[in-house]
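Given the coordinates of chain A, assemble chains B and C onto it according to the supplied hints.
Here is what each chain is made of, one letter per residue.
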Amino acid sequence: MATPAAVDVDSPPAAESPAVGARPGGRWWAWLLAAAAAAYFYIAPIMLLDSFQRTLATVFMFAALAQGWNVIGGFTGYPSFGQHAFFGLGGYTVAVLMAKARWSFWPSLPVAIVFGALFALLVGMPVLRLRGHYFAIATLGVAEGLREIVSNLSSITGGGAGITVPAVGALATTKYPGNTAFYYLFLTLAIVSTLIVWVIARSRFGYALRAIHQDEEGAAAMGINTTRAKTAAFMISGAITSTAGALYAFQQVTVYPDNIFSVSEFTVLPVVMAVIGGTGTVLGPLGGGVALAFLSEWLRRHYTDLHIFIFGAIIMVGVIFLPEGAANSLRVIRTRRRLPFLENVRRYRL
Amino acid sequence: MSDISLSVEPGSILGVIGPNGAGKTTLINLLTGHLAPTSGQVLIDGKDLSGSKPWDFAHAGVSRTFQIVKPFRGLSVRENVAIGAMFGPSGQKSVPASLEVADAVLDRVGMQGKAGALPSELSIADARRLELAKALAMRPRLLLLDEVMAGLRPQEIEPALALIRSLRDDGMTIIAVEHVMKAILAISDTLVVMHQGKELAKGTPAEVTSDERVISAYLGQRYAQRTREADSA
Amino acid sequence: MSRFLQATVLGLLEGGLYALIAVGFSLVWGVMNIVNLAHGAFVVIGAYLAWELKEQFGIDPLMGMVVVAATLFVAGYLIQRLLINLVVNAPIWMTLLLTFGLELLLVNAVLFIATANLRHISTDYNTASLVLGEVRVPYGQLIAFGVAIVLTLLLVAFMDRTRTGLAIKSTGMDRGAARLVGINARHIYAVTFGLAAALAAAAGAMVAMARPTFSPGDAGRFTLFSFVISVLGGLGNTWGALAGGLVLGVVQAWGGQYLTGTLVNAIAFGALVLVLIVRPSGLLGKPFYEARVEAA
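Protein chains in written order, with this note's numbering: chain A, 1 to 350; chain B, 1 to 233; chain C, 1 to 296.
The set of hints was computed from the structure by calculation and includes no laboratory data. Please read these numbers as outputs of a predicted model, since none were measured by experiment. Take these hints with a grain of salt, some might be off.
Sample of chain A residues lacking proximity to chain B, with all beta carbon distances greater than 12 angstroms (derived) [said to hold, decoys possible]:
hint : residue
1    : Ala-211
2    : Ile-212
3    : Gly-280
4    : Phe-294
5    : Glu-343
Under the rule of at most 20 angstroms between Cα atoms (straight-line distance), these lysine to any residue pairs were calculated in the SDA-like manner [claimed, not checked]:
hint : chain 1 : residue 1 : chain 2 : residue 2
6    : B       : Lys-47    : B       : Ala-36
7    : C       : Lys-169   : A       : Glu-217
8    : B       : Lys-70    : A       : Glu-217
9    : B       : Lys-198   : B       : Ala-217
10   : B       : Lys-70    : C       : Pro-91
11   : B       : Lys-93    : A       : Leu-350
12   : B       : Lys-202   : B       : Thr-26
13   : B       : Lys-47    : B       : Ile-68
14   : B       : Lys-70    : A       : Leu-350
15   : B       : Lys-93    : A       : Val-199
The beta-carbon is built from N, C-alpha and C at its ideal position, and this holds for glycine as well.
With the rest of the complex left out, here is chain A (with noise of 0.2 angstroms):
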């Protein structure tokens, strides 16, 4: 076997660089601290105010969008912007499960998560063939299109009336479990979805989606399903998505299609929770998530007036400063020793 004589003396001396995007392994500390967290939250209830439950539900739902939304366009490079059609559909189908045909809600919820699958599945084998702004456009319309849909479909619907979920009095199927209630239901979640993220990115399909995100041609030369793999990405992500719809149809008892379709708010403030946290990790858009989603509750409460301003202008400087996400900016302070901020406007800037 025949080694190269000569030594290439331009090469560079092997540092051991971390790879961009989520190491399988990662911090033990950070992870040390999640699951510190995890616990806690579990337990907390009993110390916390209705109100503040109500809040940390609220946190917890748009940290498993966030995730739900990293596993297609953080870790496979697709965006989406039509994540609320997910959202939507998953409500919708718990809500006229409980309201027409007289479910209970406990066997609505997995129907609607499947929904979500299945309805990622269909829309992924002509919307996966498209790329970037493409496929950000065609995800919208279609998200756009299915409101539509759900809002002229009246007779089962209830059209933009909206629809109520029987969970008060003799009528309902399910009583209303309360604020703790969601408050556990919705924690549940945000934690399964970033074990799922977490078991996606130390797998070879984690390895299958990043390849793809970074070279398409390439992943595919390599052996690389490309189209398997995107949908099955595509139909985790509407999973999840849906399946916090459904948790928030019962949570609101009433659900309009301007409201649980809406692409600012369950769509566009998920992709800056999951780019500010980092896309592409772990904990990134759980961090991102519980941090956005605390300074918008935060602002909303004390600048009623201008707190949406305010919001524009923090995704702004957000996405200026920190397109890496706080993870990846963290992680390169930490081993490189300099503030990345002006490195990535330098980097990135025309």
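Chains B and C alone, transformed into the frame defined by chain A:
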């Protein structure tokens, strides 16, 4: 590209040369599923794979390097190569096993110390070796090399040739598209010359370089003269 | 039959205005590969500025349009040069998020300053209609349509005949090569964006004049229409935007006549997705900008 009929002997090296635009990369694209033939067939080991997807070709044992190297920029060198081990025909089932295979392949191409580096940190010669390592990790039966020598310095070419020869000696079938004449003539068992999408000549390197049509289309009289003088010396 | 004719005429007129709204968006997307989610906000700002000019100074919207367009050209130039240029080389969702943040900012600023009240500009001429047989052609919309056509023609002339226009086109085709021959890409990008903002603002002035009402909430719809029209007509293709706008306007008008109200939008989106899948370069698009090289 038209009227091409090629077959390769297992365990030999087929060189493909020809002027730019002759269709050499198109040939490789046809053999890897990046392009589908409008007529005719692509048979790998007797199996008709015309029109199949690139991953089907990969699973049939075909792998290639790209003329413009395309590493996965966000993954380390080791991870890049491991992808080949994970999803190639010999498909390792676990990530750690694939990483081990990657390390072995990197040793084979002479990049032992660089497994943890990012592709952006590599020199061009190392980037080429990475391309090769990625393809080798798939344990191909047919390896397609697309101008691997381009841009290499003279002292880098010899080791590369030695590596390719050793792969052939281990039983791999190789088709190499090249412009660097010295290299391709030295290494090919059979040579095919392409011109304007068609096959111009086929044979041993000696036969092909003395073929008049090849000389007028590609090599030029002076080169042919020099080669003849070198041969008779 | 006359209902159909009426709907078609109104659809065409409205489509012309849609085209003007969309043409700048399409240009920016085609040349710079930037999808500007704040585009609708520029239209709305144009509308409000034109309204203010009429209210405070009595300036007719047709004149006010020029002022408004010039103002937003400068604003757009600065926004691109100082802000969006910072993320041009980043993954696509960066520009999407950045412009989304900008949209939130702008729309809510307008909302705060001007409130959500529906507004409209009344002039001497936009209350009456021309009557051709059984078809009523509102003067306001007719004039807006005329302005849209004229501006579109001016844009085509600008792109084809001026040095700046050529610089824009060549930067759109191959940024690295354009820079090599001395074109200042940062400046050209800013000019293109400014141009788009100016056209959007002009469209906004016409919207204020021709449509019954407008409010900050319209911004999202304008951006969405610009998407659909750009895809239908092909990115960066000015004639395509015009055609796309007309098609969208007519389809919406017909749909409004024969289908329940909001299903029309579902059809528009369905058509959008279909076109994206079958012919991503648009119904009229050429692969002009698809071969774009952005290496530098």
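Now the hints, each set against the structure:
no., hint, in the structure
1, Ala-211, "5 angstroms, violated"
2, Ile-212, "10 angstroms, violated"
3, Gly-280, "8 angstroms, violated"
4, Phe-294, "30 angstroms, holds"
5, Glu-343, "14 angstroms, holds"
6, Lys-47(B) / Ala-36(B), "15 angstroms, holds"
7, Lys-169(C) / Glu-217(A), "29 angstroms, violated"
8, Lys-70(B) / Glu-217(A), "9 angstroms, holds"
9, Lys-198(B) / Ala-217(B), "12 angstroms, holds"
10, Lys-70(B) / Pro-91(C), "18 angstroms, holds"
11, Lys-93(B) / Leu-350(A), "43 angstroms, violated"
12, Lys-202(B) / Thr-26(B), "18 angstroms, holds"
13, Lys-47(B) / Ile-68(B), "29 angstroms, violated"
14, Lys-70(B) / Leu-350(A), "23 angstroms, violated"
15, Lys-93(B) / Val-199(A), "15 angstroms, holds"
Violation of the numbered hints given earlier is confined to hints 1, 2, 3, 7, 11, 13, 14; the remaining hints are satisfied by the structure.
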